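Trainee: Chain by chain, the residues run as shown.
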Amino acid sequence: MAATIDRAARARRRRRGLAAGAAVLALSSVLTACSESSAKPVLTWYINPDPDPPPDFEGAFGLDGIAERCSTDEYDIVTEQLPTSANEQRIQLMRRLAANDSSIDLMSIDPVYTAEFSEAGYLAEFSEADQEEIAGNKLQGALESATWNDRLVAAPQWANTQLLWYRKSVAEKAGLNLDEPVTWDQLIKAAEETETRVSVQGNKYEGYVVLLNALIQGAGGEIVSGLGRGEEMTVEVDSDAGKKAAEIIEQLAGSSAKDPDLPVSNEGTAEANFAGDNGGFMLNWTYIFLGHNEALEGDLGWARYPQTVEGEPSKPPTGGINIGIGAFSDHEKEAIEAAKCITSTDNQVTYATETGGMPTAEDAYDAEKLRELYPPELLALFQESIDEGGPRPVTPYWATIVNAMLGKWHPQDSVTENTAEQSAEFLQNVLNGDSLV
Amino acid sequence: MSTGATTATPAAAEKARKGTSDRSRAENRLGLKLVAPAVILMLLVTAYPMLRALYLSLFKYRLSAPDDREFVGLNNYVTVLTDSLWWGDVFNTVVIMVITVAFELVIGFAFAMVMHRVVFARGIIRTSILIPYGIITVVSAFAWQFAFSLNNGFVNGWLPFIGEDFNWFGDKWPAMIAIMVSEIWKTTPFMSLLLLAGLAQVSEDTIEAAKVDGATWWQRLWKVILPNMKAAIMVAVLFRALDAFRIFDNIFVMTRGAQDTESVSFLTYRQIIEQFELGMGSALSVLLFLSVLLIAYLLVKLFKVDLASARGER
Chain U
36 MAATIDRAAR
46 ARRRRRGLAA
56 GAAVLALSSV
66 LTACSESSAK
76 PVLTWYINPD
86 PDPPPDFEGA
96 FGLDGIAERC
106 STDEYDIVTE
116 QLPTSANEQR
126 IQLMRRLAAN
136 DSSIDLMSID
146 PVYTAEFSEA
156 GYLAEFSEAD
166 QEEIAGNKLQ
176 GALESATWND
186 RLVAAPQWAN
196 TQLLWYRKSV
206 AEKAGLNLDE
216 PVTWDQLIKA
226 AEETETRVSV
236 QGNKYEGYVV
246 LLNALIQGAG
256 GEIVSGLGRG
266 EEMTVEVDSD
276 AGKKAAEIIE
286 QLAGSSAKDP
296 DLPVSNEGTA
306 EANFAGDNGG
316 FMLNWTYIFL
326 GHNEALEGDL
336 GWARYPQTVE
346 GEPSKPPTGG
356 INIGIGAFSD
366 HEKEAIEAAK
376 CITSTDNQVT
386 YATETGGMPT
396 AEDAYDAEKL
406 RELYPPELLA
416 LFQESIDEGG
426 PRPVTPYWAT
436 IVNAMLGKWH
446 PQDSVTENTA
456 EQSAEFLQNV
466 LNGDSLV
Chain L
15 MSTGATTATP
25 AAAEKARKGT
35 SDRSRAENRL
45 GLKLVAPAVI
55 LMLLVTAYPM
65 LRALYLSLFK
75 YRLSAPDDRE
85 FVGLNNYVTV
95 LTDSLWWGDV
105 FNTVVIMVIT
115 VAFELVIGFA
125 FAMVMHRVVF
135 ARGIIRTSIL
145 IPYGIITVVS
155 AFAWQFAFSL
165 NNGFVNGWLP
175 FIGEDFNWFG
185 DKWPAMIAIM
195 VSEIWKTTPF
205 MSLLLLAGLA
215 QVSEDTIEAA
225 KVDGATWWQR
235 LWKVILPNMK
245 AAIMVAVLFR
255 ALDAFRIFDN
265 IFVMTRGAQD
275 TESVSFLTYR
285 QIIEQFELGM
295 GSALSVLLFL
305 SVLLIAYLLV
315 KLFKVDLASA
325 RGER
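Protein sequences appear in the order of chains U and L.
Residue numbers 36 to 472, in my numbering, belong to the letters of the first sequence in order.
Residue numbers 15 to 328, in my numbering, belong to the letters of the second sequence in order.
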């Protein structure tokens, strides 16, 4: 925003400099307005921040690169950065949209908040034809996260999933065979034996509820069900699956395998701990490969997300970014075309090679460029995890659920066998509006 | 500020009643006309949002579901006042307020004495005492967060009785200490500035007289200096207590309310900004406002200071 305003303001000032009197000044601003409206429209795309480009990278990187490549003779796309955390991105977009901000043409939205935006009426609708065109080649998991009330309401741009990243040397020392599925229990014990850590996201934020959701789904449960009923949805945390999840958190919190900063850890600190002296195992997103494969000199291993219950397939967390069209945009038609370009297979492949955000388009995984960069078995694992992973519940109340869960499941050393029951009761009260969260 | 105005009003009204001459009545009318624009502006920018909050607090209203707005009467207040989270946060806030203001008062008074009595390098000493107050709270909060941080902080290394891997933000009370240290460091200079103003008003003659009468330094402090700057102390404590009760920045930066370190302001912020619960959040902000009024009232009663007389109006 700042950059474009500055540029526009400077241009206006220059133009105004020619005018001497107030009348001329008024006339010139009228002329400015006229000339601006006849020029080609500028679409503003609110993006989530990209990682820094490598030092030897030339040209526009990541999302800026996509914006540049998708600008046409009909319109230009400029990007505006949102805050780093998904929740703050949601807050900023939501507040702007609540005030009918027409400057939001395109926006990157975390899939978990897509339903909330759509339900509030802040996303422009795609026509049937557009929905079909966008959905065409996308992975099922990615499409589900962009669908609300049986309509595709956003275009899945890139997908993310968590893997178990590990040091091959540590796994070997612990005698852990990671070609076979492992359980959380095995993982924690292996780390204890080798005096290493299992690094996870434990701060009081949404990322920790992602972990809880994966644990509960891995045991065949859900946090909530009956999402179509809105506030009257059914709270399911108080179940065997919920208790099993609490057991694992309790086990980790009481173990030498936890990071000392567990109650405040996030993706970044987990990464740092994993790269440090006591690093052993880590649950983290796909971008870890690009950042650490070279640095760890062949010691970086990967496997599917660990099982909550032995023998029951794990439900790896999935995430990513969807592209939504602002409901108050003055350039809706152009923005939909731009969204198609942004989420095209070519741009997805380039984005994956640059930043590690994985494609949502199935055919992108066969692209030569991607195969050069990632080992084929890793690409296959990404695809498998995204397809079979456990999405977070698609509901406008996700943020409320997150806060209610955090109220009872954080800090980790307060989690006991009663946590599942207490959090179910609390969440129910919160949804009824009887409790503050 | 507002308490100053309210205590002054009865005095002014009394005068107006007593004053019989046409001239003084005309003066009063002119006075009213002169303040009217300011009062109207104040009403627009303060009273309107306050009344609006009061109105919104009677609704169940989410920004993300604007069409589902529903009138619920005083329900939001009942929910808040029967909720353990609210009372827990009130407790946290009161603890932070009492402890930080107590520390600030003592340290601030010592600083004020230094600034008042210092004879050499006066400018430099006064400036260096005031520097923390010139730093933005968010910046000082980040600085202290880094200082206490497990990964790159220096506090664990400096304190001999604390282990190297002690996580200050891993538990409630250590985190509260970190928050309060940051708050005290940041605002003590403000306290000392207000106290310095009070100290400057204590007449040297009375102190000299006490000295001649054989009073010790301690007696002079307790019997002469402190009673004479009671009004200044009250203003300082009042300002700081109200500020401390509304503590937000330090908590936002250092813990984000984790480990049960949430304050009332932070709870309000979370309801309105993070969860878009405009109704519930408004109810909370109304309660926050009432709490601040109550604290101001209690402090004024406690100090038994008549600000009008302190200003020499009576």
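Since the hints were made in silico from the structure, they are not lab data.
Careful, some of the hints might be misleading.
[Unchecked claim] The calculated lysine-lysine pairs, modelled on DSS-like cross-linking and capped at a C-alpha distance of 30 angstroms, are: (1) U:Lys443 with L:Lys225; (2) U:Lys375 with U:Lys443; (3) U:Lys75 with U:Lys375; (4) U:Lys224 with U:Lys279; (5) L:Lys244 with L:Lys186; (6) U:Lys443 with U:Lys404; (7) U:Lys279 with U:Lys75; (8) U:Lys443 with L:Lys74; (9) L:Lys244 with L:Lys315; (10) U:Lys404 with U:Lys279; (11) U:Lys208 with U:Lys224; (12) L:Lys318 with U:Lys224; (13) U:Lys203 with U:Lys404; (14) U:Lys279 with L:Lys186; (15) L:Lys244 with U:Lys278.
[To be verified] Facing chain U, according to a computed beta carbon distance under 8 angstroms, are these residues of chain L, among others: (16) Leu72; (17) Lys74; (18) Asp97; (19) Leu99; (20) Trp100; (21) Asp179; (22) Phe183; (23) Gly184; (24) Pro188; (25) Gln215; (26) Ser217; (27) Thr220; (28) Ala272; (29) Gln273; (30) Ile287; (31) Phe290.
It should be emphasised that the depicted structure is a prediction, and the values quoted were computed from it without experimental measurement.
Using N, Cα and C, we set each Cβ at its ideal position, and we do this for glycine too.
Trainee: Indicate, hint by hint, whether the structure satisfies it.
Mentor: Hint check:
Between Lys443 of chain U and Lys225 of chain L the alpha-carbon distance is near 62 angstroms, which puts this suggested pair outside the 30 angstroms criterion. Using a Cα cut-off of 30 angstroms, the hinted pair Lys375 of chain U and Lys443 of chain U is violated, with the two alpha carbons roughly 42 angstroms apart. Between the alpha carbons of Lys75 of chain U and Lys375 of chain U the distance comes to roughly 19 angstroms, so the proposed pair stays at or under 30 angstroms and holds. The suggested pairing of Lys224 of chain U with Lys279 of chain U holds, with an alpha-carbon distance near 17 angstroms, which does not exceed 30 angstroms.
Note on Lys244 of chain L and Lys186 of chain L: the hinted pairing is violated, with a Cα-Cα distance of about 35 angstroms set against a maximum of 30 angstroms. Straight-line distance between C-alpha atoms of Lys443 of chain U and Lys404 of chain U comes to about 45 angstroms, which puts the hinted pair past the 30 angstroms bound. Restraint check: the Cα-Cα separation between Lys279 of chain U and Lys75 of chain U comes to about 57 angstroms, which exceeds 30 angstroms; the hinted pair is violated. As the CA atoms of Lys443 of chain U and Lys74 of chain L are separated by approximately 24 angstroms, the hinted pair is consistent with the 30 angstroms bound.
At most 30 angstroms may separate the alpha-carbon atoms for a hinted pair to count; Lys244 of chain L and Lys315 of chain L meet this at roughly 13 angstroms. For the given pair, Lys404 of chain U sits about 42 angstroms from Lys279 of chain U by alpha-carbon distance, which is inconsistent with the 30 angstroms threshold. Under the criterion of a C-alpha separation no larger than 30 angstroms, the hint pairing Lys208 of chain U with Lys224 of chain U is consistent with the structure, at around 12 angstroms. Between Lys318 of chain L and Lys224 of chain U the alpha-carbon distance is near 65 angstroms, which puts this suggested pair outside the 30 angstroms criterion.
The straight-line distance between the Cα atoms of Lys203 of chain U and Lys404 of chain U is roughly 26 angstroms, inside the 30 angstroms bound, and the hint therefore holds. For a cut-off of 30 angstroms, the pair hint linking Lys279 of chain U to Lys186 of chain L stands: about 27 angstroms separates their Cα positions. About 59 angstroms separates the Cα atoms of Lys244 of chain L and Lys278 of chain U, which puts this hinted pair outside 30 angstroms; it is violated. Because the beta carbon of Leu72 of chain L sits about 14 angstroms from the nearest beta carbon in chain U, more than 8 angstroms, this interface hint is broken.
Proximity of Lys74 of chain L to chain U holds as hinted, the smallest CB-CB distance being about 6 angstroms (cut-off 8 angstroms). About 5 angstroms separates the beta-carbon of Asp97 of chain L from the nearest beta-carbon of chain U, less than 8 angstroms, and the hint is met. The beta carbon of Leu99 of chain L comes within 5 angstroms of a beta carbon in chain U, closer than 8 angstroms, and the hint placing it at the interface holds. Hint on Trp100 of chain L holds. Least Cβ distance to chain U is approximately 6 angstroms, under the 8 angstroms limit.
With a least beta-carbon distance of about 5 angstroms to chain U, the hint placing Asp179 of chain L at the interface is held under the 8 angstroms criterion. The criterion of a C-beta within 8 angstroms of any C-beta in chain U is met by Phe183 of chain L, whose closest approach is roughly 5 angstroms, and the hint holds. Because the smallest distance between the Cβ of Gly184 of chain L and any Cβ of chain U comes to about 5 angstroms, under 8 angstroms, the interface hint for this residue holds. About 12 angstroms separates the beta-carbon of Pro188 of chain L from the nearest beta-carbon of chain U, more than 8 angstroms, and the hint is not met.
Evaluation of the Gln215 of chain L hint against chain U yields a violated restraint, the C-beta minimum of about 46 angstroms exceeding 8 angstroms. Proximity of Ser217 of chain L to chain U is violated relative to the hint, the smallest CB-CB distance being about 53 angstroms (cut-off 8 angstroms). Nearest Cβ of chain U to the Cβ of Thr220 of chain L: about 53 angstroms, over the 8 angstroms cut. The hint is violated. Contact between Ala272 of chain L and chain U, as hinted, is supported at the beta carbon level, the nearest pair being about 4 angstroms apart and thus within 8 angstroms.
At a threshold of 8 angstroms, the smallest CB-CB gap from Gln273 of chain L to chain U is about 6 angstroms, leaving the interface hint in force. Because the closest C-beta pair between Ile287 of chain L and chain U is about 6 angstroms apart, less than 8 angstroms, the hint holds. Below 8 angstroms, beta-carbon pairs count as interface contacts, and Phe290 of chain L has one with chain U at about 7 angstroms; its hint therefore holds.
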